[in-house]
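Number of protein chains: 2
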Amino acid sequence: MTQDNQPHAATTLSARRLKWHAQDEAIILMRTDCPVCRSEGLTSRARVLISCDGRDVVATLHQIDDDWLALSEAGLSEAAWSRLGAEPGADLKVSHAPTLRSLSDVRQRMTGKRLPSDGFDRIVTDIAAGLYSDIHLAAFISACSTLSLDIDEITSLTGAMVNVGEQLDWNTDMVIDKHCVGGLPGNRTTPIVVAILASLGLTVPKTSSRAITSPAGTADTMETLTQVDLSLPDIRRVVETEGGCLAWGGAVQLSPADDILIRIERALDIDAEGQLIASVLSKKIAAGASHVVLDLPVGPTAKLRSAAGARALAQHMTIVARGFGLKTHCVFSDGLQPVGRGIGPALEAWDVLRVLQRSKSAPPDLRERALTLAGAALELAGRAKPDTGAAMAQDALDNGSAWSKFQAICAAQGGLREPPRAAQTAPVAAIRSGVLKAIDNRKLSRLAKLAGAPERPAAGLTVHKRLGEQITIGEPLLTIHAEASGEIDYAMSYAHANAGLFTIEG
Amino acid sequence: MTQDNQPHAATTLSARRLKWHAQDEAIILMRTDCPVCRSEGLTSRARVLISCDGRDVVATLHQIDDDWLALSEAGLSEAAWSRLGAEPGADLKVSHAPTLRSLSDVRQRMTGKRLPSDGFDRIVTDIAAGLYSDIHLAAFISACSTLSLDIDEITSLTGAMVNVGEQLDWNTDMVIDKHCVGGLPGNRTTPIVVAILASLGLTVPKTSSRAITSPAGTADTMETLTQVDLSLPDIRRVVETEGGCLAWGGAVQLSPADDILIRIERALDIDAEGQLIASVLSKKIAAGASHVVLDLPVGPTAKLRSAAGARALAQHMTIVARGFGLKTHCVFSDGLQPVGRGIGPALEAWDVLRVLQRSKSAPPDLRERALTLAGAALELAGRAKPDTGAAMAQDALDNGSAWSKFQAICAAQGGLREPPRAAQTAPVAAIRSGVLKAIDNRKLSRLAKLAGAPERPAAGLTVHKRLGEQITIGEPLLTIHAEASGEIDYAMSYAHANAGLFTIEG
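Heads up: the sequence lines are chains F and P, in that order.
Per the working numbering, residue 718 is the first one in the first sequence, and the count goes up by one each step.
Per the working numbering, residue 718 is the first one in the second sequence, and the count goes up by one each step.
It cannot be assumed that every hint is accurate.
Copies of the same chain look alike in the list, so a pair counts if it works inside one copy or between any two.
Using 25 Å as the maximum straight-line C-alpha spacing, the simulated SDA-like pairs for lysine to any residue come out as follows [stated by the list, open to error]:
hint : residue 1 : residue 2
1    : 810       : 1214
2    : 1182      : 880
3    : 830       : 842
4    : 1020      : 816
5    : 736       : 1036
Note that these hints are calculated values from the structure, not bench results.
If you're wondering where the values come from, they're calculated on a predicted model, not measured in any experiment.
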């Protein structure tokens, strides 16, 4: 018997690239009155299967009643276009999308039943293949949050996410990784930690993400210093010669379902513990890590708002990681205020350089955090005795070997370059005197983004004051950096409208 | 302090209607490089607030990099266009959408916590105002399904759904309604039940939906017989003169959030009990009903698959309804096979007419079901003693008063007309002899839709055989009705590929 919902072959349409961005959603636009919509009985928002030259993509159908799209054409969103690998004018076949068996698993979870591991395998396979609509993804995420994933389920989800992507193998039992759960602007310890660990002979094949909602990701910052868009063979070559790399993870398919799920989690502004654990660990396991140090900043405007929540997360993360032979160490850090002075790709790169170069103007908090994390990694890896890791890391930093290693890694990735500086700057002054009692990390991140970060690498903020400092009215609290005066004005109006950015009392 | 995410007024763009159908999703298309995207820092799939001449609509942003949209233009999906009530070229202001407080309630429910009634009020108010994206809607629906709504929550949700729409009042304590939970093709009892009850002097202001996934809704069928697109004053006039009406509910804003939620539930193919109850009851309460008879067909290919599930649904529905002073009576009916002979708007209308006209060719099962339901309504309303309602209903049908009342209602709605007949028909013959053991209702519905129902009112099926009948190979099991030979072929190829449509054994 043929498949229920594919009664016969579809007619052909001509592919048209619309340069249409719907973030990562694959959408096809067809005339309501085109022969395929009529003969297939396709209606708006139907899920359709697009076939082109042996490649299949499932997309959401939008329809139009207007002549700017011909009856014989089908317009594609960028996600559909790139997944199909189509050429303009290529023949597309469009038919009803097949029913996904894994949606029965999602519906099962939506009735409050826990899923066995093959259920997660089916779901994650279909997600990674781009077969889920945003509605399906949101329903799955919500189902896994409303009845929170138990340890078995988190383990199943993590394993499924690892299995659908590439998996790196480094021919060594000791591969170090480092991850911060995020939420703290300026917390750019990774380049420093990688340089220290690699300088001490450890293998640290670090792949990082670009910013999605923050003003900078590690990949954005590193891109102002060197090339980060490395292929898998390039990553191998750099790691084999230098022991570490600082690459963008996007060019490598490590846990690709994670990237798809994260997009929806951000739209929902949720980050359920089980999914967070699977997200972090699947990337690390796929990258071939054996030991991971996790930075968990805790503070009222950080991602982790309570110490108890952070401890529970650490405990569950450790249990799940152990199931995959991955050893973890969690560092609970202060999440009350931003780290370093710069916020934004290039401004954070300058902070990193100052620490590595042992400059007098290096931000001491960034340096201390990097040493703590590098020390924890050295102890976790058995390279330093308990409570001696930070000192060993400090030696590597202070004797210049970390800076040498950083330069060597950048040279291997394509050459070290100087980060750009913004064309325009403007100070934001205190509107009263007193003691600085609180800084809102979320509002600070938003301000940096309004100034143009991370799209404009030189844009962002430098923060001049730290908690507990005495402030005099009129003194600059921060400086806005931007490419154009319009962006300065825009950020400035936000800064002035948001007194809660800095709380000054007494 | 100004709102966190609306730092300043937006620049203006010129409205362009793209005749772009994304079902009910409000989408705005802007150039990635337009001044508003740049100055507001808007990225693809951001939620934005569109303001036009005093009206505000929240929409999802899509972006393009192509000259067919000017830098000064913004293209709107049909949902955005109609909600804004814009004119071509109107000035649009576009800025970041405000943060919705109700999304905190959704996130709360997504952590497994039950919601108080003001949480549902906030959520439903924002849903009805069109402020939720499909992702938000799916997450909410999934959260209410994964941890199923308890009776208090169903009551809160129902009340919130009633409150955001119009509410009708009929100046009488006895207003009868009738509802079928669906899933059984051809089960078109409503026009007959309304005619019988109105002919006996009851008030039956019936509003019905059009088909969404089925081959015909009551409104589609009635539209082949008379005008159904009635305004609220028209509905009042018809009900005041004739005691009943058979109108389309879409022109009246009864429980408008329900229509928005149903679209996502269909995409997910779920119909969680709590949401089903809130959906049905909110429509009835908003329509001013005091007494409702519910038809619950049970069968392996109907919506309700088990008798136990149907009983639990009936019990919960009754408890929630009672909280709103609404009296219910549930009729569990046979959901094993389609009802009547026709499937599709006009073909079902012919069946209805034959029953009302007491034709010898009237399908007896449709007649019996209508009498059972009308009888239950008469007993529930206290107009008939227990076990005498069906006989009273039969009198009204057999003495011609129901048919007279039906004609009067249609005349008041704009005149009775003859349903159309399809241009083409073709029989589907049995491929073996034996006894008809099973009919797949879902496949039958799909076949009728492939033939063109409900968009083409005359299209659909006539089913010639019923369960238990002896079938001879080559005998016609059903006839396909369509407007064009292509559609006949299309439906025929599906019928031939799906032996499971009819199960013939022995």
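A quick look at each hint next to the structure:
1. 810 to 1214: between (53 Å within a copy, 20 Å between copies)
2. 1182 to 880: neither (46 Å within a copy, 51 Å between copies)
3. 830 to 842: within (20 Å within a copy, 30 Å between copies)
4. 1020 to 816: Cα proximity of residue 1020 and residue 816: across copies only (18 Å, versus 38 Å in one copy).
5. 736 to 1036: neither (45 Å within a copy, 53 Å between copies)
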